[in-house]
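Here is what each chain is made of, one letter per residue.
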Amino acid sequence: MSELIVFSTLNGLQYGLLLFLLASGLTLIFSMMGVLNFAHASLYMLGAYLGYQISSWLGFWIGLLVAPLLVGALGALIERFGLRHVHRHGHVAELLFTFGLAYLIEEVVVMVWGRIPVSYQVPEILDFPAFTLWATSYPAYRVFMLLVSMAIFLGLLLVLTRSRVGLIVQASLTQPKMVSMLGHNVPMVFMLVFGVGSALAGLAGAIAGPALVTQPNMAVNLVPLLFVVVVLGGLGSLTGALLASLLIGLVQTFAIAGDFSLADMARAIGLSMNVPQVLSELWNVTLAQLAPVLPYLLLVLMLIFRPTGLMGSRES
Amino acid sequence: MTNSIFFSRRGLLMAAGLCALPIVASAQDTIKVAYIDPLSGSAAVTGEHGARHFRYLIDKVNAAGGVLGGKKLELVLFDNKGAPQETIVQAQKAIDDGVKFIYQGFGSNVALALTDFIAKHDERNPDKRVLYLSYGPMDPALTNEKCNFWHYRFESDSNVKISALVEFMKGQPALKNVYLINQDYSFGQSVRTEARKQLRDKRPDVKIVGDELHPLLKVNDFAPYIAKIRASGADSVITGNWGADLSLLLKAAGDAGLKTQWYTIYGGLAGAPTAIKQAGLDGQVFQVVNWHANVPGDEMQALNADFRRQYNEQGWWYLQAKTSIDMLVRAINKVGSADPVKVGLALEGMRYKNAIGADVLMRKEDHQLIQDLYVASFSSGVPVDEEKTGWGWKTVATVPASALTPATTCRMVRPE
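Just so you know, the protein sequences line up as chains A and B, in that order.
Sequential numbering of the first sequence, starting at 1, is according to the working numbering.
Sequential numbering of the second sequence, starting at 1, is according to the working numbering.
In case anyone wonders, no lab produced these hints; they're calculated from the structure.
All residues carry an ideal CB built from backbone N, CA and C; glycine is no exception.
Among the clues, some could well be false.
Facing chain A, from chain B, some residues (calculated, C-beta under 10 angstroms) [unchecked claim]:
#1 G41
#2 D184
#3 E212
#4 K259
Use the sequences and the hints to build the structure in full.
Spelled out as structure tokens, the structure:
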């Protein structure tokens with residue numbers, strides 16, 4: 001049992017931190033620019049493919065460094081030459097733009113690399129079990145993922161709270177008009193933020209690629225989950241995004257380990273109930289089977305009881 | 001949608017090209033064969049590769065002079081996006097287009113909708129009948145309670161595949177604790193039920209230590225499931241998972257250093273070989289198939305090599321595609337017509353020596369192809385590899401067709 005708890009915690013933390021890497025970029029973009037960027041997870045996938053391609057030529061570390069930069073540059077270009085024009089036509093146009101962009105990126109990736117997953121390898125230097133507990137080994141690469149995510153969180157937090165750029169970004173969160181009236185080049189800041197956000201997605205992809213499987217639809221399931229993280233955490237709050245990511249990671253992981261249903265629980269507290277036929281299906285569903293729904297349940301509860309999210313300061 | 005337009009346009013171009021030749025081949029002179037499978041969306045990787053099989057086979061038939069002494073087969077592709085409703089729309093389009101034979105291979109839910117549609121259509125439109133040749137769906141219902149005269153299945157059903165797997169597992173003395181993990185939908189559930197039943201019958205001493213259903217294609221990281229499998233003390237896992245659900249599962253197992261045996265149904269499809277190699281599970285992952293690239297047999301070996309040259313080293317998957325086209329051509333030539341009813345009657349009960357020299361039979365009672373199955377492990381050091389991994393499938397057991405002839409409840413009505 002303790003084995004399951006320890007490894008579920010580790011897996012949950014690591015999954016949560018990966019979510020955070022993705023959500024941090026989205027939080028920046030969503031809260032600053034109000035853009036629901038549907039293409040964010042596609043940029044993550046692109047990061048994984050670029051990482052794979054570059055690492056196959058120049059080695060893993062260069063791939064890990066260059067792929068996010070490329071994705072970031074692409075993000076900046078998308079903002080400068082796409083979103084900025086679409087922006088004038090309102091939020092619906094932006095939404096449709098990023099939605100189309102997601103498909104476009106996926107199709108391009110399929111055209112270049114095909115639909116079969118590519119073999120993105122863990123670098124040899126990290127290809128060993130970091131530690132072994134009760135005969136289960138925990139791969140060093142996953143520890144590395146954990147550390148990189150933590151480092152990114154700390155780095156971002158420092159930049160946002162301690163630097164001049166961070167001050168402007170923070171100010172734009174609540175008072176965008178005022179910031180631009182003070183003479184700051186808000187469009188430039190937007191481009192920068194979109195670029196950095198995209199680069200973070202690219203980094204997440206380049207890191208996750210070898211640990212998970214690099215394939216064209218690796219991003220599909222993440223899109224809705226990312227929005228859950230952003231809303232749960234609260235708009236514009238990096239700490240909120242971190243807490244929400246960890247919460248979702250841990251909740252999902254522990255739910256999977258939970259092999260009990262409502263019926264089992266009732267039995268455990270000495271209750272024997274006759275459930276009507278219609279409900280028996282629901283009555284016997286185990287927590288593990290519910291795991292994928294739980295984040296959305298959290299989302300609904302959060303929107304009802306605390307629409308600003310865990311750490312958010314603004315409602316929309 | 002876009003894909004089918006694209007392909008039919010290409011078809012038109014090819015037809016135009018043929019017209020320019022001195023021998024005029026008008027559209028009426030071809031026998032149209034439809035291929036209805038996902039050519040877009042998340043399952044497109046399977047659908048597209050399947051289409052290549054039929055493109056390749058039909059090109060070969062035509063190059064060798066076609067059927068009925070000179071008639072050509074014409075492949076028309078339809079994109080059903082993997083959805084049952086869309087399949088019906090596309091099947092209607094195919095029939096309106098003059099198609100006589102419909103191939104479909106992805107998804108039992110699609111197959112159940114399609115077989116129902118075609119049976120009704122053929123009853124109501126005796127002048128526009130079509131045959132449904134299925135090369136992938138494994139739901140046993142298709143050749144039992146849902147069987148009909150118009151449906152012919154060239155893939156073995158999932159119960160047969162599981163019984164071949166269990167037959168192999170029976171001889172594994174180390175097997176003690178089995179864990180079942182499957183996708184939460186009809187196919188995953190039937191794998192789980194059947195595996196439980198057959199293990200109870202053939203190896204009552206084996207304990208089932210876990211029985212997991214997880215959401216279909218929604219899990220991003222299987223590490224939590226692997227932790228659970230580990231905690232259960234399982235030494236073997238049976239799974240009907242395919243696609244990302246199989247790749248991610250095996251990948252996570254490799255990461256955690258889990259040393260169980262993996263018994264799969266779909267270990268040979270796109271992506272799984274890459275994942276097994278990455279996870280370093282040498283010789284630990286088994287699949288049950290009617291053919292793999294290292295089964296002896298010169299004809300299939302040569303075909304696979306030629307196919308791989310054409311398609312960037314992606315190997316051949318479906319022996320049954322070859323078998324079904326061969327048997328279709330033979331049936332058409334035998335009755336001297338492409339009339340679906342006559343061809344169907346000729347296919348029934350047809351015995352055939354397939355491309356690896358083994359005898360197969362299209363059983364008359366339920367239109368199920370009876371064929372040998374192989375249990376194979378994915379290992380290093382074999383002659384032909386998959387997905388450029390350097391590893392390939394190695395036969396560990398052959399289960400002859402004679403041991404795999406399940407009873408059927410099918411009572412079909414034949415046309416006059």
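Would you settle whether the hint for K259/B is holds or violated, based on the nearest Cβ-Cβ distance to chain A being less than 10 angstroms? Status holds, d = 9 angstroms.
Let's test the interface hint: is any C-beta of chain A closer than 10 angstroms to that of D184/B? holds (7 angstroms)
Interface hint compliance - E212/B to chain A, C-beta minimum distance less than 10 angstroms: At about 7 angstroms, which falls below the 10 angstroms cut-off, the nearest Cβ of chain A leaves the hint on E212/B intact, so it holds.
Satisfaction of the G41/B interface hint, Cβ to chain A closer than 10 angstroms: Holds. Min distance 9 angstroms.
Of the numbered hints given earlier, the model fails none.
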